[in-house]
Amino acid sequence: MKAARAPRDDKTNVRLLVVKGDEIEDSSMERLPDHLRSGDLLVVNDAATLPASLRGLDGGNNQVEIRLTTQLDERVWQAAVFGAGDWRTPTEERPSPPSFGKGDEILIASNFRARVRGDNQLSERLLDLEFNLSGEELWRSLYQYGKPVQYSYMDDELKLWSVQNVYGGRPWAVEMPSAGHAFNWRLLLKLIRKGVRIVPLTHGAGLSSTGDARIDWELPLAEKFEIPAATMEAVRQTRASGGRVIAVGTSVVRALESADLGLSGFTTLKIAPGYERKIVSGLLTGTHDVSESHYQLLRAFLPEYILAGVSQRLEERDYLTHEFGDLCLILPTA
Amino acid sequence: MFDINGKSALITGGSRGLGRALALRLSAGGAKVALVARHQKELEETVKEIRKNGGIAYGIVADVGDKESVYPIVGQAAALTGQVDILINNASTLGPVPLRLIPDTDCEDFERALQVNTVGPFRLIKAVAGSMVLRQTGVIVNISSDAAVEPYPSWGVYGASKAALDHLTRIAALELADTSVRLFSVDPGEMNTRMHADAMPDADPDTLPPPDAVAEKIVMMIRQSGGIATGTRLIASDWRSYESSARSS
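Those protein sequence lines, which keep their order, are chains A and B.
In this text, residue positions in the first sequence follow our numbering: the first is 1021, and each later residue adds one.
In this text, residue positions in the second sequence follow our numbering: the first is 5, and each later residue adds one.
Honestly, the hints are just simulated from the structure, not real lab data.
Note that the Cβ used here is the ideal one computed from N, Cα and C, for glycine as well.
Don't take every hint at face value.
Taking beta-carbon pairs under 10 Å as the criterion, some of the chain A residues facing chain B (in silico) [claimed, not checked]:
1) 1055
2) 1056
3) 1058
Calculated cross-link-like contacts (lysine to aspartate or glutamate; reagent style EDC-like; alpha-carbon spacing at most 16 Å) [as the list claims (entries may be wrong)]:
4) 1167/A with 72/B
5) 52/B with 1238/A
6) 1210/A with 182/B
7) 45/B with 1157/A
8) 1179/A with 1029/A
9) 1290/A with 1312/A
10) 1179/A with 70/B
11) 1214/A with 1312/A
12) 1290/A with 1238/A
13) 1122/A with 1144/A
14) 1122/A with 1139/A
15) 1179/A with 72/B
16) 1022/A with 1232/A
17) 1290/A with 1236/A
18) 1040/A with 1029/A
19) 1214/A with 182/B
20) 1214/A with 1336/A
21) 1122/A with 1157/A
22) 1210/A with 72/B
23) 1022/A with 1338/A
24) 1167/A with 1177/A
25) 130/B with 72/B
26) 52/B with 1139/A
Simulated coverage check for chain B against chain A, where a stretch passes if three residues somewhere in it have a Cβ under 8 Å from a Cβ of chain A [what the hints assert, rightly or not]:
27) 185 to 196
28) 220 to 229
The task is simple: from the sequences and hints, build the whole structure.
This is the structure:
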């Protein structure tokens, strides 16, 4: 599939492939309300997107790029660290960072540093970093020095503006929860007026690619999430009344199914082929390539032969992929 | 009654004058406040005072007239105090002082006033209202002026930008009428502030009410916002009479 190479100014032209059983229909996000019904519950990830890419120098003055993945503590973040270069180079072609040992520092600005707390057995690129700042000073510096994480298929550097969903709240996501990018106010209000309930949860969506096969194989890594009691109650009511719980994005599936398993705070749940969903009945998601971790999650929604048909249709009809791409709506047959 | 205890409030122009007074009042009511201002020193002093009183406050150094500041402002506020429940667009600029007649005003000065007084609030509303809609709670207060209604000579830049803000408030309120988010513009009236002294240097400050007296009324309005039609333009000095008429209707 071709990548969407820039943010979409006009959300109404985002295409939508609707999959219901073995029926596949070409549609558009503007027509989303036609595919939903009163009593459906849309659950969205309201995490705002943090500018999670920081540039710095190691002790030997070598350039590195830090891509934050998850906040572990007040000052501590897990991060994927890259060597020289930037988003213009495909992540899999980026050099590894210099070798870091515990206690080594990365200088981001004269008053902003990260110290290596420990590495991860998975890869030398994955580090736990402790910043010298905390609280408002840390957040101020993250916003001052950080830029949005982006990949080589984009035409230009992204503004922080471009990677926010219209309902974003706390900046827990290091990449935009992209299934929400095609919502605008007109669409949200139209859905609400139709009787579709829309409720939020917050899920710290992590990196979608690191260029390191060992890490990418394990994606998604542990992610922070929080589900308001009102959202859990709306899910319960919807299910009790026979309505459909439709997740907007794979991060929402992960959060809701994790909560059902009794997890809270962080989730390590991996949803893969054969996973029996307990909560989520439908999914609005991006158009994913077979190589992506998100695609594995789709296997918990659709049998392989239908997924193959979906992939074929997306290719044939020139649907766009990645964070500003077109979308798929997977609905239950009942 | 809109309970401000535990709520997250974002206040622009929060380091002095009415913004500072609102921050102190909201904090005293149990709200967590994130204050935006351009000058770090004054901001830190206000934050320190709130913390000394046992409140939760954070300072965000930013210019609301700068487009690139909007998500850093909202992101920092939400990270530190939680998703924004109360937005008070209070930051304003008069334009050059002494105030000038419209034909004497430079285009750049008018553009700057619009950026701070009108476009800045518009951007912040865009950035916080979606989260408020989904959580079914939120109050947005845009601080206006009687100059938005009365055509005072030499107040053209300020008055026109505030009139636009009033109308933006009315339209946004109408568009969000099906939701739980409530928007108001508030004319705070004259106050003993630095802005007032800049605009009217000959006025006797002792004849003007302190910002805290006005802040008290605005916080009262926020608490009782559920009973006020969204989009209403409120006048702080008339608040008691409005409250009485709202109750009797």
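Hints and how they fare:
no.	hint	in the structure
1	1055	violated, 20 Å
2	1056	violated, 16 Å
3	1058	violated, 14 Å
4	1167/A with 72/B	holds, 12 Å
5	52/B with 1238/A	violated, 45 Å
6	1210/A with 182/B	holds, 10 Å
7	45/B with 1157/A	holds, 15 Å
8	1179/A with 1029/A	holds, 13 Å
9	1290/A with 1312/A	holds, 13 Å
10	1179/A with 70/B	holds, 14 Å
11	1214/A with 1312/A	violated, 34 Å
12	1290/A with 1238/A	holds, 9 Å
13	1122/A with 1144/A	holds, 12 Å
14	1122/A with 1139/A	holds, 8 Å
15	1179/A with 72/B	holds, 8 Å
16	1022/A with 1232/A	violated, 22 Å
17	1290/A with 1236/A	holds, 13 Å
18	1040/A with 1029/A	violated, 29 Å
19	1214/A with 182/B	holds, 12 Å
20	1214/A with 1336/A	violated, 33 Å
21	1122/A with 1157/A	violated, 24 Å
22	1210/A with 72/B	violated, 30 Å
23	1022/A with 1338/A	holds, 7 Å
24	1167/A with 1177/A	holds, 9 Å
25	130/B with 72/B	holds, 14 Å
26	52/B with 1139/A	violated, 38 Å
27	185 to 196	violated (count 0)
28	220 to 229	violated (count 0)
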